[in-house]
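**Q** Next come the chains, spelled out residue by residue.
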Amino acid sequence: MTDDPPAHPALLPSGFRDLLPEAAEEEAQAIAALMAVFAGHGYQRVKPPLLEFQEGLFAGSGAALAEQTFRLMDPLSQRMMGLRADITPQIARIATTRLAAVPRPLRLSYAGQCVRVAGSELAPERQIGQAGIELVGEDSLAADTELLLVGAEALAAVGIARVSVDLTLPTLVPALLEAAGLEAAARAPLARALDRKDAAAVAHHGGPLAGLLADLLLAAGPAARALAALAAAALPDTARALAERLAATVAAVAARAPALLLTVDPVEFRGLRYHTGLAFTFYAPGRRIELGRGGRYLGNAGEPATGLTLYPDRILAAIPPPPARPRLFVPWGADPAQAAARRAEGFATVAALSPHGPAAAEARRLLCTHRLEGGAAVPLAPEHA
Amino acid sequence: MTAPFALPCPAAAADRPLILALPKGRILGECGALLARAGLHPAPDYADEASRRLRFPTDDPALEVVRVRSFDVATFVAFGAAELGICGADVLMEFDYPEIYAPLDLGIGRCRISVAEPAETAGTDDPARWSSVRVASKYPSLSRRHFAARGVQAEVVALSGAMELAPTLGLARLIVDLVQTGSTLKANGLVETEVIAPVSARLIVNRTALKTRPEAVGGWIARFRAALEPG
Numbered sequence: 009m010t011d012d013p014p015a016h017p018a019l020l021p022s023g024f025r026d027l028l029p030e031a032a033e034e035e036a037q038a039i040a041a042l043m044a045v046f047a048g049h050g051y052q053r054v055k056p057p058l059l060e061f062q063e064g065l066f067a068g069s070g071a072a073l074a075e076q077t078f079r080l081m082d083p084l085s086q087r088m089m090g091l092r093a094d095i096t097p098q099i100a101r102i103a104t105t106r107l108a109a110v111p112r113p114l115r116l117s118y119a120g121q122c123v124r125v126a127g128s129e130l131a132p133e134r135q136i137g138q139a140g141i142e143l144v145g146e147d148s149l150a151a152d153t154e155l156l157l158v159g160a161e162a163l164a165a166v167g168i169a170r171v172s173v174d175l176t177l178p179t180l181v182p183a184l185l186e187a188a189g190l191e192a193a194a195r196a197p198l199a200r201a202l203d204r205k206d207a208a209a210v211a212h213h214g215g216p217l218a219g220l221l222a223d224l225l226l227a228a229g230p231a232a233r234a235l236a237a238l239a240a241a242a243l244p245d246t247a248r249a250l251a252e253r254l255a256a257t258v259a260a261v262a263a264r265a266p267a268l269l270l271t272v273d274p275v276e277f278r279g280l281r282y283h284t285g286l287a288f289t290f291y292a293p294g295r296r297i298e299l300g301r302g303g304r305y306l307g308n309a310g311e312p313a314t315g316l317t318l319y320p321d322r323i324l325a326a327i328p329p330p331p332a333r334p335r336l337f338v339p340w341g342a343d344p345a346q347a348a349a350r351r352a353e354g355f356a357t358v359a360a361l362s363p364h365g366p367a368a369a370e371a372r373r374l375l376c377t378h379r380l381e382g383g384a385a386v387p388l389a390p391e392h393a
Numbered sequence: 155m156t157a158p159f160a161l162p163c164p165a166a167a168a169d170r171p172l173i174l175a176l177p178k179g180r181i182l183g184e185c186g187a188l189l190a191r192a193g194l195h196p197a198p199d200y201a202d203e204a205s206r207r208l209r210f211p212t213d214d215p216a217l218e219v220v221r222v223r224s225f226d227v228a229t230f231v232a233f234g235a236a237e238l239g240i241c242g243a244d245v246l247m248e249f250d251y252p253e254i255y256a257p258l259d260l261g262i263g264r265c266r267i268s269v270a271e272p273a274e275t276a277g278t279d280d281p282a283r284w285s286s287v288r289v290a291s292k293y294p295s296l297s298r299r300h301f302a303a304r305g306v307q308a309e310v311v312a313l314s315g316a317m318e319l320a321p322t323l324g325l326a327r328l329i330v331d332l333v334q335t336g337s338t339l340k341a342n343g344l345v346e347t348e349v350i351a352p353v354s355a356r357l358i359v360n361r362t363a364l365k366t367r368p369e370a371v372g373g374w375i376a377r378f379r380a381a382l383e384p385g
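Same order as they appear, the protein sequences are chains A and B.
At position 303 of the first sequence (counting the first as 1) the number is 311 in the numbering used here, and the numbers step up by one without a gap.
At position 24 of the second sequence (counting the first as 1) the number is 178 in the numbering used here, and the numbers step up by one without a gap.
I should point out that these hints are in silico values taken from the structure, not numbers from a laboratory.
Check each hint, because a few of them may be wrong.
What the hints assert, rightly or not - Output of the computed footprint for chain B on chain A, the stretches with three or more beta carbons under 8 Å from beta carbons of chain B:
1. 77–85
2. 222–228
3. 294–305
The beta carbon of each residue, even a glycine, is placed where N, CA and C say it ideally should be.
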């Protein structure tokens, strides 16, 4: 132990990172663009705190997050607090408490940072940005459709025009298991097998449902094909109703956004333990990770709600960086009014703080793209090799 | 920020050939007939482990084959570096990547993953009384899960081969390993005391690839499924 070299001052805990110039600005701009689309559709922004009592974070839809939440004791109240791992439960809390009297449907938006105890090998980050919306107090096809369309519009606003959305019915499999009267002990291994789409294990644990589940497992894919498979399957009434609503939602979304690639995975319910209706995941083709997800759930007071969360970090990785803002060097002693005029045109001005040598060389040293000369912005000549 | 690494640009990634990862060793030899029935013919040296090539074209320009270690097939597919792969169920049980779907049991590479111990200690005491047990295995996480489910803490010595030596040389009380015929165990004075699970090769696919390239990836699942139909 005594031989350990001192930790390098730049080393961060695993899963955390600094955003440096340009990247931090790009992130802020992307979040602003997403939030502008949400605001344009009437979603009003709220800002819950980073820490709150754990009961609030883990109520209702938050129950699945307990194991992912950093917890600490509040020295003032002696109660346990959690550092939020997801903002959705906080919005649900606000909707059913402070905003309980506001007329429904209630449209709220948020953007902020979350922290989780551990990352995964595939997604090792432990601090995760979220930007999202919640539509509270309405259980309808129109509400589900609105969320999907607003999500696609927000992604288009940051430059991701080719989006695919995977639609799932997290309650379909439980409805099938219920209708088939499968014993509780048999459900856990079957649910796990379905989660991994492990056909061999589904056949082994599926009992009377093995044939149906195997068909639905392989039906995952383009919406038309999957819906046809659902329509052809012998479903009990509860499951039939879910499938019909899904088909109607697909038709409504396809009519409004024909370019959106829709896929359906009837037996998927991954990570969506709290969802009570249609759930969805946004992908960009060719990207290996989801850009956002959401779905229908029951709020704290049993109020129907549906939400969408986009992940700005992942979105930024999927879009080319926007053109950087031009940087204008303002030499020592130049007229501040001229610099102000250039700022109004969109330049970032970089003022000399002391006398310097040749202006062009000093501008280049400070990583500027232009220099101020005679009131005009003169582009710097490319550096000689 | 995270060091950027040269990902193909999104458009290119969406249209690049699919990659099928095949495992070196035991299963590879049995793959040939199945691939042919699925209408897939990689460059012939793909099955030649002496070949230094790792990436092989096939007769379908939209699909390439890579040959990696069996455990790495799961990693390549989980991270989306390969959209499809073939590997033993043992590898999936060990890694348990949520990003991997295993839509088909290919029925080849059959064996089992088992607990074994020296013939002289087998049956001499009651495992229910153990608090912990030292196990040698190349399946540390699977071994821990297996014993934890029985209330026993497994202290795993991770080895990558020659597991059978561990009990006799005092490295571990038990081993957890693949057993095909049992002859290696027998030759080293070990007996199989418990079968953890039967193992066969699975077709695996990356979850995101199935969602974002459903036609292409789904098409290959269908072709492999058809290749498994009798007759």
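**Q** Does each hint fit the structure? Answer for all of them.
**A** To see whether the hints hold, each was checked on the structure:
1. Under the rule that three or more residues need a Cβ within less than 8 Å of chain B, the assignment of the segment 77–85 of chain A is violated, with 0 such residues.
2. Here the segment 222–228 of chain A counts 3 residues with a CB under 8 Å from a CB of chain B, which clears the bar of 3, and the coverage holds.
3. Given a C-beta distance limit of less than 8 Å, the hint that chain B covers the segment 294–305 of chain A holds, as 5 residues qualify and 3 suffice.
Against the hints set out earlier in the document, a violation occurs for number 1 only.
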